[in-house]
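Engineer: Sequence:
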Amino acid sequence: GSVVLLLGYRPLIQMLYSVNLVDWISYYLAEQSGTDAMEIKNIDYLKNELSKI
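Numbering (this note's numbering), first residue to last: 136 to 188.
Worth flagging that the hints you see were computed from the coordinates, not collected in a lab.
Quick reminder that beta carbons are idealized off the backbone N, C-alpha and C, glycines included.
Heads up, some of the hints might be wrong.
As the list claims (entries may be wrong) - Each pair of labels, with its calculated beta carbon distance range:
#  : residue 1 : residue 2 : range
1  : Ile188    : Leu142    : 15 to 25 Å
2  : Asp158    : Lys182    : 10 to 20 Å
3  : Val138    : Lys182    : 30 to 40 Å
4  : Gly136    : Asn183    : 16 to 26 Å
5  : Leu141    : Lys187    : 20 to 30 Å
6  : Gly169    : Ile148    : 33 to 43 Å
7  : Ile188    : Gln167    : 18 to 28 Å
8  : Lys187    : Ser137    : 36 to 46 Å
9  : Asn183    : Tyr144    : 24 to 34 Å
10 : Val157    : Asp179    : 29 to 39 Å
11 : Ile160    : Leu181    : 22 to 32 Å
12 : Gly143    : Ile188    : 35 to 45 Å
Could you put together the complete structure from these sequences and hints?
Structural biologist: Here it is as structure tokens:
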């Protein structure tokens, strides 16, 4: 497998960097496959249901 070296020497900084990196990777892959990366039906549904509480 591949190894990704994360920037930062503290675990929190590495975690935040990795979340940001994965977000950009998922955006790039969505663009490559012709998928709208901003379409988030599940999250919109969850927000709508939570607003009813």
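Engineer: Now tell me if each hint is right for this structure.
Structural biologist: Each hint, compared with the structure:
no. : hint                          : in the structure
1   : Ile188 <-> Leu142: 15 to 25 Å : 39 Å, violated
2   : Asp158 <-> Lys182: 10 to 20 Å : 19 Å, holds
3   : Val138 <-> Lys182: 30 to 40 Å : 36 Å, holds
4   : Gly136 <-> Asn183: 16 to 26 Å : 39 Å, violated
5   : Leu141 <-> Lys187: 20 to 30 Å : 39 Å, violated
6   : Gly169 <-> Ile148: 33 to 43 Å : 34 Å, holds
7   : Ile188 <-> Gln167: 18 to 28 Å : 38 Å, violated
8   : Lys187 <-> Ser137: 36 to 46 Å : 44 Å, holds
9   : Asn183 <-> Tyr144: 24 to 34 Å : 41 Å, violated
10  : Val157 <-> Asp179: 29 to 39 Å : 21 Å, violated
11  : Ile160 <-> Leu181: 22 to 32 Å : 23 Å, holds
12  : Gly143 <-> Ile188: 35 to 45 Å : 37 Å, holds
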